[in-house]
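Whole structure, please, built from the sequences with the hints as guidance.
Here's the letter readout for the chains.
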Amino acid sequence: MKQKLVIIGAGMASGRVIEHLLDADPDAYDITLFNAEPRGNYNRIMLSPVLSGEKTYEEIVTHSDEWYAQQGVTCRFGEHVVNIDRETKVIEGENGHVPYDKLIIATGSAPFIIPVPGHDLPNVISYRDLDDTNAMIGAAGKGGKAVVVGGGLLGLEAAAGLAERGMDVTVLHLMGHLMERQLDEAAGYLLRKDLETRGITVKTQASTKAILGGDRAEAVLLESGETLGADLVVMAVGIRPETRLATDAHLDVARGIEVNAQMQTSDPDIYAVGECVEFDGHLFGLVAPLYDQAKVLADSLLDEPSAFVVKELATKLKVTGCDLFSAGDFAEGEGREDIVFRDPSRGIYKRLVIEDGRLLGAVMYGDTADGSWFFGLIKDGTEIEEMRETLIFGPAFQGGASADPLSAVAALPPEAEICGCNGVCKGQITSAIEGGATDPGAIRTMTKAAASCGTCTGLVEQLLQVTLGDDFQLPQAQPVCGCTDLSHEDVRRLIKSRELKSQAAVWQELGWSTRNGCHICRPAVNYYLLADWPLEYRDDPQSRFVNERKHANIQKDGTFSVVPRMWGGITSPDELRAIADAADKYGVPTVKVTGGQRIDLLGVKGEDLPGIWADLNGAGLVSGHAYSKGLRTVKTCVGTDHCRFGTQDSTGLGIKLEKHLWGSWTPHKLKLAVSGCPRNCAEATCKDIGVVCVDSGYEIHVGGAAGMEIKGTELLCKVATEGEAMEVISAMTQIYRENAKYLDRIYKWLAKVGLDWVREQIVDDLENRQALAARFELSQSVYRKDPWAEHAQDSTTRAQYAPLANLTLEAAE
Amino acid sequence: MSWIDIGHIDDIPLHGARVVKTPVGCVALFRTGEDEVLAADDRCPHKGGPLSEGIVHGQSVTCPLHNWVFDLNTGEAQGGDEGRIGTYPVRVDGGRLLIDGDAIGKRSAA
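Chains A and B, in that order, are what the protein sequence lines are.
Just so you know, the first sequence maps onto residues 1 to 813 in UniProt numbering.
Just so you know, the second sequence maps onto residues 1 to 110 in UniProt numbering.
Derived by calculation from the structure, the hints in this document are not laboratory data.
Remember, predicted model here, so these are calculated numbers, not experimental data.
Be aware that one or more of the hints could be misleading.
Stated by the list, open to error - With a straight-line cut-off of 30 Å between C-alpha atoms, the simulated DSBU-like cross-links for lysine-lysine are:
#1 A/K203 x A/K496
#2 B/K106 x A/K55
#3 A/K718 x A/K741
#4 A/K605 x B/K21
#5 A/K669 x A/K142
#6 A/K585 x B/K21
#7 A/K741 x A/K55
#8 A/K203 x A/K55
#9 A/K585 x A/K711
#10 A/K711 x B/K21
#11 A/K193 x B/K47
#12 A/K4 x A/K102
#13 B/K47 x A/K592
#14 B/K106 x A/K669
#15 B/K47 x A/K669
#16 B/K47 x A/K585
What follows is the structure in structure tokens.
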């Protein structure tokens with residue numbers, strides 16, 4: 001008969017115990033799983049990416065309700081355990097009793113709250129679980145100031161996430177430098193500098209005296225007397241083992257629940273695992289030892305001999321763009337020696353601590369690629385005297401090997417940890433490869449390596465390459481061009497996260513293989529920089545295709561075509577006269593009405609461009625941007641002004657939209673139309689963004705195209721007023737500007753992200769819609785202007801349209 | 001060689017080009033990111049595209065009509081394309097641009 005196993009706590013440790021148990025013997029136990037949180041197991045260390053918006057909750061779930069159901073585990077989620085009755089071997093839950101033969105306590109840890117006055121106000125929260133994370137995301141949505149108390153791993157991840165979500169964040173840290181348990185002062189300084197460039201204020205040696213406020217926290221008072229305004233206070237000063245149930249049940253508890261090497265508590269039928277445990281004087285906060293414990297515990301439950309041993313630990317910070325690694329002991333001491341490497345201009349710092357010819361500790365900032373190799377040397381106590389001279393340069397420089405990254409991976413011992421999140425070592429991965437895994441996806445499924453934060457993906461790929469040789473092709477996201485291996489998506493992400501604000505910064509920081517890019521990547525990078533930093537980055541005309549550099553379309557014979565703007569398709573006799581005069585004066589051979597209801601003057605000589613523009617400007621006409629990856633035209637029908645079917649002022653809305661959007665650079669050309677009724681005379685349903693007016697308001701359509709592919713639009717939403725229509729369209733334009741790959745029209749980009757996602761962002765989430773519209777407006781404050789006038793009036797620029805010299809005249813004499 | 005002064009390096013935008021009309025046709029002067037100046041025919045041998053309107057990268061230029069890329073040192077088309085543009089000796093002296101009059105079919109005025 002099956003034994004009854006009850007587990008209290010559905011966290012990462014107990015999730016692993018259940019997996020091992022079911023793998024080894026699915027019929028050994030009937031399992032009942034209690035969890036105070038109303039959900040199953042998720043990867044708690046990935047809450048930071050959820051907070052910063054890089055991942056969603058769904059992406060970090062490791063064991064869903066369905067998974068437990070399939071495995072036959074009885075789940076009692078959202079139910080607190082009230083008591084453990086060791087006499088009768090019964091667990092008392094809020095909703096009834098459950099008997100057990102064996103019990104596992106996996107209650108994890110609870111955040112430590114400093115009991116200063118005001119700590120119990122409603123907007124003072126800890127950072128521990130999904131509910132805390134959601135509370136922070138909710139608070140950040142309102143903007144304002146956040147004070148994070150605690151400059152350790154958790155506090156900094158919270159601060160970075162809140163800053164990413166637009167809050168004005170201050171971190172208070174009691175000690176002299178950040179993460180003092182993992183970093184030395186120099187690395188702490190670099191980390192501080194990194195955070196400060198993200199707009200986060202850091203105050204060290206700052207002791208919190210009280211949290212001030214009435215119904216809600218409004219400010220934080222420091223011992224120094226300084227007060228900091230706060231709309232949100234996050235307490236992230238530490239966690240401590242959650243031992244209440246164990247203490248009540250009279251188990252042996254020190255700082256944590258005491259266990260032996262088999263994970264058994266002082267009651268032989270009760271085990272404990274994870275952060276609630278104390279073993280041999282140690283507490284456990286990182287995930288690798290938790291997983292070791294889980295394996296041992298599963299073995300113990302199946303009467304397999306197994307023993308837990310404490311290993312050295314390494315730490316990484318999960319803040320995008322902050323590369324930080326720390327392992328072992330790096331404190332100064334008698335007989336200890338330092339090797340330090342600094343490259344301030346690249347923000348790189350490495351320090352190794354050596355004692356008796358062995359590596360004792362390592363701290364690295366800015367370049368952590370060799371972290372796991374150093375960590376291996378620390379764990380194994382390897383003799384390093386012989387490689388001491390080149391030790392700091394990492395494995396690639398040892399034993400005369402070339403600087404081939406693969407040789408570094410090949411040199412790693414089987415026990416070297418590859419994936420810190422899931423505690424996977426090299427040996428597990430190589431045996432998975434021997435067992436038939438040939439790509440990173442299979443490795444992820446078989447070992448869980450690279451399944452969490454993903455920073456070890458490169459190492460996993462290199463291992464595949466080393467082990468399989470030519471049989472393995474590195475998977476490649478389509479790179480931007482031959483100058484880089486990075487995809488457009490990576491480049492966009494890195495420009496944002498590393499705050500790269502110039503082309504030179506992109507070439508340098510992202511390792512471009514060419515001096516200054518090529519005709520493919522330069523226009524893309526120029527666009528990304530301009531879209532992300534509208535106030536700081538200056539557009540580079542030399543990184544634009546000739547059409548945009550010269551604000552006219554180049555034709556096959558090298559002449560240009562000129563299209564003045566006619567707002568919403570409306571013109572006047574004066575404008576038409578000015579266009580006709582200009583056509584005469586500059587000998588324009590062809591005058592044509594375009595598909596977007598504008599007039600095209602074709603066949604203008606390059607050197608005449610500033611002249612014809614100046615003339616057209618004189619009549620009040622400005623550039624129609626018919627050449628640009630930006631707003632081209634807003635096509636309209638006559639609407640209520642003249643049409644007997646018109647339901648709204650479609651011409652008026654078209655003009656407003658064009659005046660609002662003109663000049664904005666976008667990933668590809670952007671064409672709009674407004675039709676006054678569903679008869680759709682302006683053909684709004686095959687435009688990038690189209691509006692169809694109906695009696696009750698405005699239907700906003702997106703994702704149409706009538707170019708290389710013909711596609712009808714899809715309905716994004718319906719709004720009642722012109723103002724709402726304008727706001728939705730601004731937000732739509734901005735979300736496309738911020739996310740799409742260069743040269744993807746809206747329909748192509750939508751095929752990747754999905755209309756539902758866009759709808760969530762700008763239809764359902766009103767605040768986000770407004771924020772996007774505001775960012776669009778900010779960028780337009782720079783770019784809503786006539787480029788023709790700028791070129792026609794600036795004598796230096798104007799001169800560049802003419803030849804530099806004419807050496808033919810004399811020869812003719 | 002007979003060097004003819006045709007202007008100042010700053011008359012050409014960084015990563016840009018300007019045209020000089022010569023007896024042998026239009027010659028484009030390209031200024032690289034490192035302030036090197038290179039001179040070559042302004043006409044792409046493919047379909048006559050004006051190379052001075054192309055994007056200058058490294059020591060190459062990409063034709064704006066159909067993206068043929070030329071090495072401005074050798075004049076050779078790069079990649080899968082075959083063709084060559086003429087290149088001309090040019091030097092920068094104290095910021096002044098000097099082109100070889102012999103090569104462009106014109107004797108020095110000096």
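Q) Failing hints, ascending? A) Hints 2, 5, 9, 10, 11 and 14 not satisfied by this model.
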